[in-house]
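Visitor: Input sequences plus hints: build the corresponding full structure.
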Amino acid sequence: MNTFVKKIAGLLSVGVLSIGLLAGCGSGSDKASKDDNIIYLGAAGPFTGDNAEYGTEWKKGFDIALEEINAKGVAGGKKLQIIYEDTQSDPKQSATVAQKFVKNDKIYAVFCDFTTNSTWSAAPIYQKAGLVQLAPNPSHPQLTKPGNYIFQLCPTQADQAKALSTLAVDELKAKKIAVIYLNTDFGKAVKDNVVTAAKAKGVEIAGEESYLPTDKDFKAQLTKIKTGNPEVIVLGSYYTDGALIVKQARDLGINAQFIASSSVHSPALFQLGGSAVNGLITMSVFNVSNPGETLKNFSAKYSSKYKANEPDTFATQAYDAIRLIANAINKTYEKNKKVTRQGIRDELASTKDFPAASQDSITYSANRQLENAKLYPIIAKDGKFLPYKK
Amino acid sequence: MLTQQIINGLTLGSLYALLAVGFSLICGILNMITFSHGEIFMIGAFSGLYTIIALGGNLPLGLAAAVVVSAAAGILTERIAFRPFRNESPLSPALITIGLSISLQAGILLLFGADTKPFPYNVSAHKFILGNTVISGIEVFVIGISILLMIMLHLFIHYTRWGLALRATSQRIEAADIMGISTNRIIAIAFCTASLLAGIDGLLAGAYYSAFYPRMGVAISLKALAGATFGGIGSIQGAMAGALSLGVIESLAAGYISASYRDVIAFTILIFVLLIKPSGLLGQMREEKV
Amino acid sequence: MIRNRKYILLQIIAVAIISVPFILDDKYIFHIAVMSGIYMILSMSLNVQLGFTGLFSFGHAAFYGIGAYASALLTRDLGLPFVAAFILSGLFTAFIGTLIALPALRLKGIFLAIGTMCFNEIFCLLSTNLESLTGGPAGLPDIPVPSVFGLEITQPKDYYILITLLVLVTYKVFDNLIKSRHGRALTSIRDDEIAARAIGVNITNYKIKVFAITAFFAGLSGSFFAHYLSYISPSNFALSESFNLMAMIALGGIGNLPGSIVGAGILVIIPEVFRFLQDYRELIYGLTIVLIVLLLPQGIIGWISGLLHRQQTSQDLAGSPKKFSVETILHRI
Chain L
4 MNTFVKKIAG
14 LLSVGVLSIG
24 LLAGCGSGSD
34 KASKDDNIIY
44 LGAAGPFTGD
54 NAEYGTEWKK
64 GFDIALEEIN
74 AKGVAGGKKL
84 QIIYEDTQSD
94 PKQSATVAQK
104 FVKNDKIYAV
114 FCDFTTNSTW
124 SAAPIYQKAG
134 LVQLAPNPSH
144 PQLTKPGNYI
154 FQLCPTQADQ
164 AKALSTLAVD
174 ELKAKKIAVI
184 YLNTDFGKAV
194 KDNVVTAAKA
204 KGVEIAGEES
214 YLPTDKDFKA
224 QLTKIKTGNP
234 EVIVLGSYYT
244 DGALIVKQAR
254 DLGINAQFIA
264 SSSVHSPALF
274 QLGGSAVNGL
284 ITMSVFNVSN
294 PGETLKNFSA
304 KYSSKYKANE
314 PDTFATQAYD
324 AIRLIANAIN
334 KTYEKNKKVT
344 RQGIRDELAS
354 TKDFPAASQD
364 SITYSANRQL
374 ENAKLYPIIA
384 KDGKFLPYKK
Chain X
228 MLTQQIINGL
238 TLGSLYALLA
248 VGFSLICGIL
258 NMITFSHGEI
268 FMIGAFSGLY
278 TIIALGGNLP
288 LGLAAAVVVS
298 AAAGILTERI
308 AFRPFRNESP
318 LSPALITIGL
328 SISLQAGILL
338 LFGADTKPFP
348 YNVSAHKFIL
358 GNTVISGIEV
368 FVIGISILLM
378 IMLHLFIHYT
388 RWGLALRATS
398 QRIEAADIMG
408 ISTNRIIAIA
418 FCTASLLAGI
428 DGLLAGAYYS
438 AFYPRMGVAI
448 SLKALAGATF
458 GGIGSIQGAM
468 AGALSLGVIE
478 SLAAGYISAS
488 YRDVIAFTIL
498 IFVLLIKPSG
508 LLGQMREEKV
Chain B
1302 MIRNRKYILL
1312 QIIAVAIISV
1322 PFILDDKYIF
1332 HIAVMSGIYM
1342 ILSMSLNVQL
1352 GFTGLFSFGH
1362 AAFYGIGAYA
1372 SALLTRDLGL
1382 PFVAAFILSG
1392 LFTAFIGTLI
1402 ALPALRLKGI
1412 FLAIGTMCFN
1422 EIFCLLSTNL
1432 ESLTGGPAGL
1442 PDIPVPSVFG
1452 LEITQPKDYY
1462 ILITLLVLVT
1472 YKVFDNLIKS
1482 RHGRALTSIR
1492 DDEIAARAIG
1502 VNITNYKIKV
1512 FAITAFFAGL
1522 SGSFFAHYLS
1532 YISPSNFALS
1542 ESFNLMAMIA
1552 LGGIGNLPGS
1562 IVGAGILVII
1572 PEVFRFLQDY
1582 RELIYGLTIV
1592 LIVLLLPQGI
1602 IGWISGLLHR
1612 QQTSQDLAGS
1622 PKKFSVETIL
1632 HRI
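Protein chains in written order, with my numbering: chain L, 4 to 393; chain X, 228 to 517; chain B, 1302 to 1634.
Heads up, some of the hints might be wrong.
Claimed, not checked - Dumping the calculated DMTMM-like pairs for lysine to aspartate or glutamate here, alpha-carbon to alpha-carbon at most 25 angstroms:
no., chain 1, residue 1, chain 2, residue 2
1, L, 165, B, 1573
2, L, 338, L, 108
3, L, 62, B, 1443
4, L, 82, L, 234
5, L, 148, B, 1580
6, L, 308, B, 1580
7, L, 310, B, 1580
8, L, 106, B, 1327
9, X, 504, B, 1443
10, B, 1328, L, 296
No lab work stands behind these hints, which were simulated from the structure alone.
Guide: Encoded structure:
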């Protein structure tokens, strides 16, 4: 080995060690504040990796909720604190983190995870241990099947598909629709449910095209869709790819109306899509036209804290997730004078008409999914989402 | 639809091609494989983007920044991952570059955040509409730049003394050494050339799709490697032709067969080409000698 | 003397491994141990393919996935008992391994690497797209809990005992293989294929058999993984997983079987130990791989035995490192 490489290797080693020490000290000071006055919650999500940007939004929503809740205190003045573990929304890591959370009896509830895959691979572990697993974002209709400790916060794709197909057929009077979807559990669920719902309404499906999470070039799929000449194109995408798809479609001279599931509802859509996304209609999980107090309050805090126009779906759902758990903690504490994992689950399951930001009010069904989930059509216009009216 | 798909494929293919020739240069000379080429593409893109933003829209300087940073990263990669293992197994460089690629992605993620960054300037230029086919100005630009760089690379390799030395080195390093060629320098030049092309490509791709993110080099570098292999590792024209045809194959497969099976089809074709002619369509077979 | 010391060391390790479940009762630790065990089997089998035979395979995770999916489907949809599905999935993976070996024989060095990478990608894409068979991108949930001869296995502790046995069996099989006449034939293929052919080694035959047997064990570990987590999805078997395995055998030492066990153990544990680094975890992980290859080219075991036998190595500097590395494999691709 020559001296240059030796130097580099030495430099790298020093770097690795010092970062390790720094981060170690940093997290060490976190742990120093451990005491009985804190109720810990676990957050297992994509804080690095492909989906890290969505994990970042979680943290923003969590932070605002924690500030509010800890100002008042829960369960008789205790504080909530979150322990973050990165899973990269990789199913294998999600299971590992689950084992870690489960054995830590200071943790009373867990937020896990971003995708259906990583939620399901951890589900049997949380279920066996009897620890609430609240999944903020996955919208798979079967998500809560693995057991009675798993809760869903997003309206399912079945709900979304109903709303989307109603919009396409009844409002936009489409005769022919096409679907372009991300080839993951999420996009697939959008496509399957929309296609079924649209066919039931007697609409012709002019194309079903998939793409991979790593794709950024959608022109081949769009060119194919163009030949089918649909009036409405449904997107099963997140905002990043959704913005690019619409942009590339406009480049190809496709003039169809785009409608999309709630996952594109983010201000980032405008940064990435520019003027091309104007006129895109999507479903908002939160009531933009007539926001309740909770949503108004959250939007204002989010805007001032993060210097952004408005919060996106992921931050809003994260915000609600913590508030739901805090509410369940308070209720079980009132009843039993103590907080248990089981108690939180029971109270969470009986959540009824809880004023929330991502929905006006949240009531859990027997399947631990949202009862009467409402979706609000919104239209993208000049950098803003406005309520869609015909 | 056919012409449109071919245009789509050619645009995609020219973005692959600039990376593919890099793979071809590196793998061709050293018979080793690099897995951090996609990250060089990515840091080129990011340094270009942030220079452009910082200077308020100075495109040429942004391009220069992309070239300088990626070339430097390429030379550094060669020193760390390849030079110590010159006559050894290609496994060590492969592993080091895997490690580098993981840490470069993580580093950029830490520095700039995970969210996808748009290109801050509108690049959609004039559109040419021929019947059902739409060709946008930027597509012409992307294909044009790519072809221009390829021609320059070809001239460099075939009509300069360094190019001659490069060809000699890739035929047999030891022999080139004996002939008085400074092979260390030549290999560094190969890495530098491959990397600056990757950097330009990164900025080009980022601006074309208006998407810059830490993992932007992962998928495209795998495709470019496939394209280079398809056309022939070690041959510049081969890598270029391979990358372009891979782009077109992908487009046609997505358009006429199924978008879900697009990559399955592309990779299967690649495997078949490898089986029939392991050196790729335009590559030259090297004889196996004791 | 050295042999004696080695035996004592092995006994200590064996006692430690067996006594763990009696001392500890930490599901998280057992989970890490079970995952390490799965990767130990995978990396040992990859090491036989790559380190001993010199087959540059970058798609080992695909065999792992084939085993996992086969076993999941056999128990879930066909109702086979775990033990039968476990063995059948191994055999099925071995069969696929043979099929892959036939074309792979034509490829050498980096071309084999690229070809096997493509195979890995194709496998992942097919498992995403063949929805009726594989459950598509959402994967296969509710894979039955394994039961061995009527005993249901539910606790991580039980899995730990099972995987420990499996790792030992795998080690024994591969160790015997390597030390046999066939093992020497394999290393001769690795060191110089033409010379090996010249002395009458049936290269084709050996390569196919190596693909089959290593795929068999990869399939077994896949099956174990599927039943352990009871949920699998395509992302578990992506190309990055193959890269992880490469890093494991490099860490332990190429062509060093006990090294693979150590390497797999360390690289499963490191990301967990580094969890406190939070955002810096990936960065450190990547740099660790770089440093290991730069500083410990013979792998950890090679390094340690190098320290132990420093005097000996200094005597025959030229000869001994070759034993542990694939330096010579790919000189003439």
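Visitor: Can the restraint linking residue 62 of chain L and residue 1443 of chain B be considered satisfied, given a maximum Cα separation of 25 angstroms?
Guide: Violated, at about 31 angstroms.
Visitor: Holds or violated: residue 1328 of chain B with residue 296 of chain L, Cα cutoff 25 angstroms?
Guide: Measuring from Cα to Cα gives roughly 44 angstroms; hence the hint is violated.
Visitor: Holds or violated: residue 504 of chain X and residue 1443 of chain B, Cα atoms, limit 25 angstroms.
Guide: Not satisfied, since the Cα-Cα distance of roughly 45 angstroms exceeds 25 angstroms.
Visitor: Is the Cα-Cα distance between residue 148 of chain L and residue 1580 of chain B 25 angstroms or less?
Guide: violated, 32 angstroms
Visitor: Does residue 1573 of chain B lie within 25 angstroms of residue 165 of chain L when you go C-alpha to C-alpha?
Guide: violated, 43 angstroms
Visitor: Between residue 82 of chain L and residue 234 of chain L, is the straight-line Cα distance small enough, at 25 angstroms or below?
Guide: violated, 53 angstroms
Visitor: Just to be careful, I want the Cα atoms of residue 308 of chain L and residue 1580 of chain B compared with a cutoff of 25 angstroms; is the pair within it?
Guide: holds, 22 angstroms
Visitor: If you draw a straight line from the CA of residue 338 of chain L to the CA of residue 108 of chain L, is it 25 angstroms or shorter?
Guide: Given pair residue 338 of chain L, residue 108 of chain L holds - Cα atoms ~21 angstroms apart, limit 25 angstroms.
Visitor: Could you grab the alpha-carbon distance between residue 106 of chain L and residue 1327 of chain B and see if it respects the 25 angstroms cut-off?
Guide: OK: residue 106 of chain L and residue 1327 of chain B at ~7 angstroms, within 25 angstroms.
Visitor: Between the alpha carbons of residue 310 of chain L and residue 1580 of chain B, is the straight-line distance 25 angstroms or under?
Guide: At roughly 23 angstroms apart (the allowed maximum being 25 angstroms), residue 1580 of chain B and residue 310 of chain L satisfy the hint.
Violated hints, in rising order: 1, 3, 4, 5, 9 and 10; the structure is consistent with all others.
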